[in-house]
Amino acid sequence: MIKRSIFALFLLPYLAAAQDFGPIETRNNRALSLPFLRIDPRGPVLPKGSRELSLGFTSANDIRFATTGSRTVDEDYESDILRVRVRMGLGRHLDASLELPLTTRGGGFMDGIIENWHRYVVGIHNSIRETSPFGRSFINLPGASYGSASGIGDLSGAVTLGLGPRSLATAAVKLPTGRARQLLGSGAVDVGLGLQHEVLLKRRLFLDLQVADILQGKSTELNGTRRSILQEGATLRWEKNSRDNWVAQLQNEPSATVTGVAASDDVHRVLTFGLQRKLSDRQLLELFFTENGDFATAVTRVGPDFTIGVRIASRF
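Position one of the sequence shown corresponds to residue 773 (my numbering), numbered consecutively onward.
Hints should not be assumed to be uniformly reliable.
With a straight-line cut-off of 25 Å between C-alpha atoms, the simulated BS3-like cross-links for lysine-lysine are [claimed, not checked]: (1) 1012 - 974; (2) 1050 - 974; (3) 1050 - 1012; (4) 1050 - 820.
Beta-carbon label-pair distances, calculated as ranges [unchecked claim]: (5) 823 - 1035: 39 to 47 Å; (6) 943 - 1055: 23 to 31 Å; (7) 1015 - 992: 42 to 50 Å; (8) 1054 - 907: 33 to 41 Å; (9) 963 - 892: 38 to 46 Å; (10) 1054 - 929: 22 to 30 Å; (11) 972 - 914: 41 to 49 Å; (12) 990 - 920: 24 to 32 Å.
Read the hints as simulated data drawn from the structure, not as lab findings.
Here the structure is a predicted model, which is why all the values come from computation and not from measurement.
Virtual Cβ for every residue (Gly too), placed ideally from N, Cα, C.
Put together the whole structure using the sequences plus the hints.
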């Protein structure tokens, strides 16, 4: 399957040069996926000697109660994550990055906001959310339970190679630096390879396509770790002007683990809407929100109920 995806990716016309803008650098932030490596879509490779520091804050709120036979998945939590990423241009169309997440999982602040979002904006009713108290924090799975936790997550590193003016190849690895017993890491090493390609659809309108294959190490805590994860993504971008880039982004992957509960093990597919704004020649601001199956139900499936994020990247 990964070979077919790669082949299709490189059949696309060689139409556009890489831009300063790119996709939103985010992922599916469900707590059962976060301990494992994922390759985020990204902008172009940094030139030699250029360095970039990015600080990203993401808040992902989720609630889920599902059963299959005698098995139950019961989740209600919010993950607030500060991602610190350093990226450096190595020359020869290469750059390298290191990322460390710092996570606090608890009751959070978005329960009431999401309930009003559902009711007055999206126009749906979530009976589980509407009958549950605000501020709960637990993840109950077949054979395991987790509560609130705070700490560093797993450290990941990546090397990205520019393949011509509009394609990228990334190799990444994740090391088990987070506490797996608190679901802050997986307790295992993951590795992955990814490809990304940009197509010019018309003036200022771009399509970025991504495919990646992740080999997940067997988690020391979570049961049913999938060995291989195929990530697929498509990003539609409109560069309104030289400062603003509007983004609609679809990301698709299997569940990181198999719990035996269909509503938890279903395909993980989320839709992100965002804005990138150049604050200066050296600073980029990224604002976004992500929806799961509550929104565009014909397209999206499993993910956090609602995710918001902000990231600022500074080059020096």
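Quiz prompt | Status of the given 24 to 32 Å range, CB of residue 920 versus CB of residue 990 | solution = This hint holds: roughly 26 Å between Cβ atoms.
Exercise. Take the C-beta atom of residue 943 and the C-beta atom of residue 1055, compute their distance, and say whether it sits inside 23 to 31 Å.
Key: 28 Å Cβ-Cβ, so the 23 to 31 Å window holds.
Self-check item: Outcome of range test on Cβ distance (residue 1054, residue 929; 22 to 30 Å)
Solution: 24 Å, holds
Exercise. May I ask you to test the hint 39 to 47 Å on the CB atoms belonging to residue 823 and residue 1035?
Key: 43 Å, holds
Exercise. For the pair we were handed, residue 1050 and residue 974, check the Cα-Cα distance against 25 Å.
Key: The hint holds at about 22 Å.
Quiz item: Measuring from beta carbon to beta carbon, are residue 1054 and residue 907 in 33 to 41 Å?
Solution: 40 Å, holds
Quiz item: Regarding the pair residue 1050 and residue 1012, is the alpha-carbon distance no greater than 25 Å?
Solution: 12 Å, holds
Quiz prompt | Verdict for residue 972, residue 914 (Cβ pair) under range 41 to 49 Å | solution = 48 Å, holds
Exercise. Evaluate the given range 38 to 46 Å for the C-beta pair formed by residue 963 and residue 892.
Key: The hinted range 38 to 46 Å holds for residue 963 and residue 892, with Cβ atoms some 44 Å apart.
Exercise. Take the C-alpha atoms of residue 1012 and residue 974, compute the straight-line distance between them, and say whether it is at most 25 Å.
Key: 12 Å, holds
Practice problem: Quickly compare the C-alpha distance for residue 1050 and residue 820 to 25 Å and report which way the hint goes. | Solution: 21 Å, holds
Exercise. Starting from the range 42 to 50 Å, see whether the pair residue 1015 and residue 992 falls in it by beta-carbon distance.
Key: Given a distance of about 46 Å, which is inside 42 to 50 Å, the answer is holds.
The earlier numbered hints are all upheld by this structure, with none contradicted.
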